[in-house]
Amino acid sequence: MAAFGSFALIIALALAAYNLLAGALALRLIATGQPAAISPERLADTARRAGIAGFVAVTAAAFALIWSVFTNDFSIAYIAEHSNRALPGAYKFSALWSGQEGSLLLWAWLLATYGFVLRLTHRTDVKLYAYAGTILAGIQLFFLAVLNFAAPPFSLLQGAIPDDGNGLNPLLQYPEMVIHPPMLYLGYVGFSVPFCFALGALMMRYPGEKWIKVTRVWTMVTWLFLTAGIFLGMHWAYAVLGWGGYWGWDPVENASFMPWLTGTAFLHSVMMQEKKGMMKSWNVWLIFSTFLLTLLGTLLTRAGLVSSVHAFAQSSIGTWFVVFMGIVLAVCIFTYILQRSHLKSEHHLESLVSRESSFLFNNLVLLTACFVILWGTLFPILSEYVVGNKVTVGAPWYNRVAIPIGMFLLFLTGVGPLLPWRATSLKSIRRNFVLPVIALWAMVIVGLAVGIRPWKDGVFDTGNFYALVAFAISAGVMTAILSEFLRGAGVISRQTGRNLVAATWLLTRRNTRRYGGYIIHIGVVVIVIGLAGSAFNRNVESELGLHDKITIGPYTLEQVGATQDSNLNYNSEYAVLDVYKGGKKQFQMTPEKREYLASGQPQTMVAIHSVPEWDLYVVYEGTNPDTGQPIIKAFLNPLVGWIWAGLVVLVFGTLVALVPSVSPATASLRVPATRTIPTEPALKGGV
Amino acid sequence: MGAPVRFNFSFWIKTVQAATLAVAVCFSIGATDASSRYNDLNHRLMCTCGCAEILGECNHVGCPNSAGELTELRTGIAAGNGDKEILDSFVAKYGATVLAAPTTHGFDLVAWIAPFAVFAAALLGTILLVLRWTNLSVGRTPAVAGDSANEDPADRARREKIRQETGDGGF
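These protein sequences, in sequence, are chains V and Z.
First residue of the first sequence: 1, per my numbering; consecutive thereafter.
First residue of the second sequence: 1, per my numbering; consecutive thereafter.
These aren't lab readings, by the way, just hints derived from the structure by calculation.
Take these hints with a grain of salt, some might be off.
What the hints assert, rightly or not - Pairs of lysine-lysine, DSS-like flavour, derived with a Cα cap of 30 Å: (1) Lys93(Z) x Lys427(V); (2) Lys213(V) x Lys127(V); (3) Lys585(V) x Lys549(V); (4) Lys210(V) x Lys344(V); (5) Lys549(V) x Lys84(Z); (6) Lys456(V) x Lys93(Z); (7) Lys549(V) x Lys584(V); (8) Lys127(V) x Lys390(V); (9) Lys581(V) x Lys456(V).
As the list claims (entries may be wrong) - Covered by chain Z, according to a simulated footprint, are these stretches of chain V (three or more residues, beta-carbon under 8 Å): (10) 280-290; (11) 389-401; (12) 609-618.
Said to hold, decoys possible - Computed Cβ-Cβ distance ranges for the label pairs, DEER-style: (13) Asp548(V) x Ala67(Z): 17 to 23 Å; (14) Leu109(Z) x Ala150(V): 38 to 44 Å; (15) Leu109(Z) x Gly159(V): 50 to 56 Å.
Glycine is no exception: its CB is placed at the ideal position from the N, C-alpha and C atoms.
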């Protein structure tokens, strides 16, 4: 199977090379109109078919690696390093991305899959798709070259073949790890597609903004995958690493967040181009930057440039990525300079206070946030280069610098949708902002009343201050968005006699993009509320003998026993804890510590009891070697569940925004016979 | 819709002053509560075992360093040493990377200044851009996008469709 896999990768490389060269030649011939022995259109079609065949070849290689994992073929070094016989089936799939070579193969396979879909749907716009497909082939060529020459996944083990492998990294033996990396990679890789369309459209001086319409679904789906991937990673860190948090500003976390920020900026600013023909150059560079940041993320993950908890994926292929990023950047700059006259925009705003200007500020904040994170991630390298002294840029720095920017962004999330396009008036500002401002200040008062005070014993408390500001802005933003829904639904309700829920549903269906966007913003607010809860985290650590108790918040935990278990994959120890609240036993928790047999590595498995107010999060840290008694660390983390709930809302909103709207004419309207239905319900202009 | 909002210079000056004050308050404050000093300090230090975690949050099983570092921290506090003295002793022993954030002197200061400098420059640039684009529009007939006479009819139709899809006052 190793030979089959290697052969498939070589074939895929050759097909990608042909796709790139033949595609480029065909497009050149078409552009210049030079006579040729072969029809350029036919040549372009052979390039496209090569791309489709390339997908089959990479799929075969991925299949070969998965087959080798499941058949315990330890003659392949990668399999011996990342799997073992006792590894459960689901985690054998995870072995595909648990190491350097496998994850690059996953990347190449996802890229080929995106390319396959792109090439199959080429009839949407043959020429634009030919450009995009050819550029995509260039990206595929790079990854396949790395796989063939720098990080081959099918290298054979030197010497005797072991009876068993080293096993999967224990950190990865968690259900979410089966979906988090593919989800994140779908996001990373997916941004290649809008990048190819943007670059292709620029190269061919594609008229108008149709390329944006073509790529909108690609961009949103990719953004959705990246968002879900980031949050799944947060949840994994929360549930597995056992430190009670979910975001540590680790360089690899940052690497996934940066393209998310620029991608989000693109999704907003692209509306300026669609609706006003503005910011054409800006949008092109946003998507270029997003793609480059996905490569930078991979470089940071793989090259070990900065220290990270993701050290399991480090290797020496950084040079390949640096060179490729250099080539991509050069191509982008060259194409932009050559074709910049095509991106000439008509920039005019009718008012300082308008939706347009809010988008500009939104982009400003998102890109500043991206810069801040990039700066923090790379500053240790810069410091070492400039003064020869490496420093750490950790959570305290990010919390001080990034949180205020996040607050500003949250503020814009609420203000932006309330401002109409073109211009606004003081009257409309008053009408739209009164309720949100009342909600904001009401929340400040309620917050202060319930004890969220930015000072404690006469000393200012940063955490409480940020939490209060976050809750207050969230209340204002939520009120603003809900009032937008109510205003539109009220109009429909009056016109059709439907109740408000049905009217809201119809309103959303008629304008899925707008109201899907609002739902996404609601999801963001819910997430921010969850994040703000971290200001009130508490924890207690104690050695617990039998029937010893610790108390945290309203809960009392009593150690009622300890037990052990073992299977072919690991041995485990559990602490059994009865949890009391108000003097009554509520439930039992069993935090666990495992020792994996193949690797000999220990791992904690956190016990979490989640309710809307908070998570009770219990870690079994091991036993005191002197007393033999278990050491338990318990956290009470307020509002964490809101983060995951917010993600669900956000995903739902994105899916709504992806569904085509129904026009008023096709939407089902059940109205009383006596009512007259206006032909075009006045839903426009929520203000 | 009423008259467009005019640029009110004094209003914006006051707004900027208020925002600057709020930001200054945010960054001049810190968790200095004496009762949480230990917790504060262990969140300003890194575990040195290579796990890249904050000292106060490093709890991976079998960590060879964090317990020792925490003991040193408790000892320092018990001895009545000041925060700076304690942190300096850690830097002397483990190197500058033991601090979870750059200091505020020397080249490290650049780490703190650059984000705000960039933000301020970008904010100023955006405000000037908005003003410039607004001024460019003075005297123009309020227009929808791409209203030039030679615009491709297909583009115009597409833009109109987008306007309908997204709603004039919405996304």
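To see whether the hints hold, each was checked on the structure:
no.	hint	verdict
1	Lys93(Z) x Lys427(V)	64 Å, violated
2	Lys213(V) x Lys127(V)	15 Å, holds
3	Lys585(V) x Lys549(V)	13 Å, holds
4	Lys210(V) x Lys344(V)	16 Å, holds
5	Lys549(V) x Lys84(Z)	37 Å, violated
6	Lys456(V) x Lys93(Z)	34 Å, violated
7	Lys549(V) x Lys584(V)	14 Å, holds
8	Lys127(V) x Lys390(V)	50 Å, violated
9	Lys581(V) x Lys456(V)	28 Å, holds
10	280-290	violated (count 0)
11	389-401	holds (count 11)
12	609-618	violated (count 0)
13	Asp548(V) x Ala67(Z): 17 to 23 Å	21 Å, holds
14	Leu109(Z) x Ala150(V): 38 to 44 Å	40 Å, holds
15	Leu109(Z) x Gly159(V): 50 to 56 Å	54 Å, holds
Of the numbered hints given earlier, the model fails hints 1, 5, 6, 8, 10 and 12; all others are met.
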